[in-house]
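So the sequences go chain by chain: P and E. Residues 338 to 439 in this note's numbering are what the first sequence lists, from first letter to last. Residues 83 to 224 in this note's numbering are what the second sequence lists, from first letter to last.
Wrong hints could be hidden among the right ones.
[Stated by the list, open to error] Derived pair list, reagent style DSS-like, types lysine-lysine, alpha-carbon separation capped at 30 Å:
hint	chain 1	residue 1	chain 2	residue 2
1	E	Lys166	P	Lys358
2	E	Lys197	P	Lys422
3	E	Lys197	P	Lys352
4	E	Lys166	E	Lys195
5	P	Lys352	E	Lys127
6	E	Lys127	E	Lys181
7	E	Lys195	P	Lys352
8	E	Lys127	E	Lys166
9	E	Lys99	E	Lys127
10	P	Lys358	E	Lys99
11	E	Lys181	P	Lys352
12	E	Lys166	E	Lys99
13	P	Lys364	E	Lys166
14	E	Lys181	E	Lys195
15	P	Lys364	E	Lys99
16	P	Lys364	E	Lys181
17	P	Lys357	E	Lys147
18	P	Lys422	E	Lys147
19	P	Lys422	E	Lys127
20	P	Lys358	E	Lys147
21	E	Lys166	E	Lys181
22	P	Lys357	E	Lys166
23	E	Lys99	P	Lys357
24	E	Lys147	P	Lys352
25	E	Lys147	E	Lys195
[As the list claims (entries may be wrong)] Some but not every residue of chain P turned toward chain E, in silico, with C-beta under 7 Å:
hint	residue
26	Phe342
27	Gln344
28	Val354
29	Pro390
30	Asn391
31	Leu395
32	Arg401
33	Arg410
34	Glu418
35	Thr426
36	Leu428
37	Ile431
[Claimed, not checked] Away from chain P, derived, C-beta distances all over 10 Å, residues of chain E:
hint	residue
38	Glu98
39	Asp101
40	Ser120
If you're looking for bench data, these hints aren't it; they were derived computationally from the structure. Backbone N, C-alpha and C fix where the C-beta goes; we use that ideal spot for every residue, glycine too.
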Amino acid sequence: METNFDQDVIAAIFKFVWSKKAIDREKIEDGEASKGEERAGTSKKNRPTSANPNAVRLSCELLRLFVTEAVQRAATIAEAEGGTKIEATHLERILPQLLLDF
Amino acid sequence: MDPVTTEDCFDVSDTEKEDDEEEATAHLRDRFRISTISIAESEAKRNNLEISQSVIVCISDLAFKYAEQLADDLELFAHHANRKIVNMNDVILSAHRNKHLADTLRAFSHDLKAKEPHSEKKRKKTSNKEDKGFPSVHHIDP
Numbered sequence: 338m339e340t341n342f343d344q345d346v347i348a349a350i351f352k353f354v355w356s357k358k359a360i361d362r363e364k365i366e367d368g369e370a371s372k373g374e375e376r377a378g379t380s381k382k383n384r385p386t387s388a389n390p391n392a393v394r395l396s397c398e399l400l401r402l403f404v405t406e407a408v409q410r411a412a413t414i415a416e417a418e419g420g421t422k423i424e425a426t427h428l429e430r431i432l433p434q435l436l437l438d439f
Numbered sequence: 083m084d085p086v087t088t089e090d091c092f093d094v095s096d097t098e099k100e101d102d103e104e105e106a107t108a109h110l111r112d113r114f115r116i117s118t119i120s121i122a123e124s125e126a127k128r129n130n131l132e133i134s135q136s137v138i139v140c141i142s143d144l145a146f147k148y149a150e151q152l153a154d155d156l157e158l159f160a161h162h163a164n165r166k167i168v169n170m171n172d173v174i175l176s177a178h179r180n181k182h183l184a185d186t187l188r189a190f191s192h193d194l195k196a197k198e199p200h201s202e203k204k205r206k207k208t209s210n211k212e213d214k215g216f217p218s219v220h221h222i223d224p
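Okay, chain P solo, but in the shape it has when bound (with noise of 0.2 Å):
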């Protein structure tokens, strides 16, 4: 079939964003209930947030789908063009739209 993103590194970024953000509630959590004694329990409230594997899977698709139409639309520009290969040029012109698409 076609090449599509690792699921391990969607999975890992996904997870170090979470973690990092899981991380942060507990600091404000801390600051707020000023030194908390009860690290246990607020780090149960707080625990990262996580994802089921068909979420992992519809996400590489996503990510798949931006950078094939990324490359999709380059390849027209540099086709009218007449040109052989997709440069920087041909990729500015069709990023504000991508951007707005995605």
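Position chain E against the provided structure of chain P, taking the given hints into account.
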């Protein structure tokens, strides 16, 4: 994995932790880039075009930023629904502005669900949702 184990390590290593974070991000970005390169190159080949490395790197960085943003969004959506676990509907929701994209993702999610029907209960749920989702899936493709 958990950087906050004791109170004093918490105080001392704030800058150190930032360095670690940067390192971890860089590592993830590299792994992400490997996948992007193969996807972008195969896509360019399909159009019988070459693609310059700088373009791929740029697209990869954009997609990585997008992935981070996506993680933020998905977390917010899940928490809004009082969940700690992100599911497929959250991902579809994140693409709701682009109708065509949302429909594509919905169709893909149906494929995923159809592939692994875990239990009777889940299958029942799936078929219900499929019934609801189908009219919009067959969106006209010009």
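Hint check results:
Taken as a hint, the Lys166/E and Lys358/P pair is honoured in the structure, with Cα atoms around 13 Å apart against an allowance of 30 Å. For the proposed pair Lys197/E and Lys422/P, the alpha carbon gap of about 39 Å is over 30 Å, so the pair is violated. A distance of roughly 25 Å separates the Cα atoms of Lys197/E and Lys352/P; the hinted pair therefore holds under the 30 Å criterion. Taking the CA atoms of Lys166/E and Lys195/E, the gap is about 21 Å. The hint holds against a cut of 30 Å.
Taking the CA atoms of Lys352/P and Lys127/E, the gap is about 33 Å. The hint is violated against a cut of 30 Å. Annotation: proposed proximity of Lys127/E to Lys181/E holds, straight-line Cα distance about 28 Å (limit 30 Å). With a C-alpha separation of about 23 Å, the suggested pair Lys195/E and Lys352/P falls inside the 30 Å cut-off, and the hint holds. Simply put, Lys127/E and Lys166/E have alpha-carbon atoms about 41 Å apart, too far for the 30 Å limit, and the pair is violated.
For the given pair, Lys99/E sits about 42 Å from Lys127/E by alpha-carbon distance, which is inconsistent with the 30 Å threshold. The straight-line distance between the Cα atoms of Lys358/P and Lys99/E is roughly 14 Å, inside the 30 Å bound, and the hint therefore holds. Between Lys181/E and Lys352/P, the direct Cα distance comes to roughly 28 Å. Compliance with the 30 Å bound is thereby established for this hinted pair. A distance of roughly 26 Å separates the Cα atoms of Lys166/E and Lys99/E; the hinted pair therefore holds under the 30 Å criterion.
Simply put, Lys364/P and Lys166/E have alpha-carbon atoms about 19 Å apart, close enough for the 30 Å limit, and the pair holds. The hinted pair formed by Lys181/E and Lys195/E meets the criterion: a straight-line CA distance of about 21 Å does not exceed 30 Å. Using a Cα cut-off of 30 Å, the hinted pair Lys364/P and Lys99/E holds, with the two alpha carbons roughly 14 Å apart. Between Lys364/P and Lys181/E the CA atoms are separated by roughly 39 Å; this puts the pair beyond 30 Å, and the hint is violated.
Using a Cα cut-off of 30 Å, the hinted pair Lys357/P and Lys147/E holds, with the two alpha carbons roughly 16 Å apart. At roughly 25 Å between alpha-carbon atoms, Lys422/P and Lys147/E fall within 30 Å of each other, so this suggested pair holds. Taking the CA atoms of Lys422/P and Lys127/E, the gap is near 10 Å; set against the 30 Å cutoff, the hint holds. With a C-alpha separation of about 16 Å, the suggested pair Lys358/P and Lys147/E falls inside the 30 Å cut-off, and the hint holds.
Restraint check for Lys166/E and Lys181/E: the C-alpha separation of about 27 Å stays at or below 30 Å, so the hint holds. Between Lys357/P and Lys166/E the CA atoms are separated by roughly 15 Å; this keeps the pair inside 30 Å, and the hint holds. Proposed proximity of Lys99/E and Lys357/P is supported: the alpha carbons are some 11 Å apart, at most 30 Å. Distance hint between Lys147/E and Lys352/P is fulfilled; the C-alpha atoms sit about 15 Å from each other, no more than 30 Å.
Restraint check for Lys147/E and Lys195/E: the C-alpha separation of about 28 Å stays at or below 30 Å, so the hint holds. Because the beta carbon of Phe342/P sits about 5 Å from the nearest beta carbon in chain E, less than 7 Å, this interface hint is met. Given the 7 Å rule on beta carbons, the hint for Gln344/P is violated: about 10 Å separates it from the nearest Cβ of chain E. Checking Val354/P against chain E: minimum C-beta separation of about 4 Å stays under 7 Å; hint holds.
Among the interface hints, the one on Pro390/P is violated; its C-beta lies about 9 Å from the nearest C-beta in chain E, farther than the 7 Å criterion. Given hint, Asn391/P at the interface with chain E, holds; its Cβ is 5 Å from that chain's nearest Cβ, closer than 7 Å. At about 4 Å, the closest approach between the beta carbon of Leu395/P and any beta carbon in chain E falls short of 7 Å, and the interface hint on this residue holds. This hint holds: Arg401/P has a C-beta 6 Å from the nearest C-beta of chain E, less than the 7 Å allowed.
Against a cut-off of 7 Å between C-beta atoms, the interface hint on Arg410/P is violated, since the closest Cβ of chain E lies about 11 Å away. Interface restraint check: Glu418/P against chain E, minimum CB-CB distance 11 Å, threshold 7 Å, status violated. Here the hint on Thr426/P is broken, as its CB sits about 10 Å from the closest CB of chain E, past 7 Å. For Leu428/P, the shortest C-beta to C-beta distance to chain E is roughly 5 Å, which falls under 7 Å, so the interface hint holds.
Interface restraint check for Ile431/P: the shortest CB-CB distance to chain E comes to about 11 Å, outside 7 Å, so the restraint is violated. The Cβ of Glu98/E sits about 14 Å from the closest Cβ of chain P, beyond the 10 Å cut-off, so the non-interface label holds. For Asp101/E, the shortest C-beta to C-beta distance to chain P comes to about 14 Å, beyond the 10 Å cut-off, and the non-interface label holds. Chain P draws Ser120/E into its interface by the beta-carbon criterion, the shortest separation being 5 Å against a cut-off of 10 Å.
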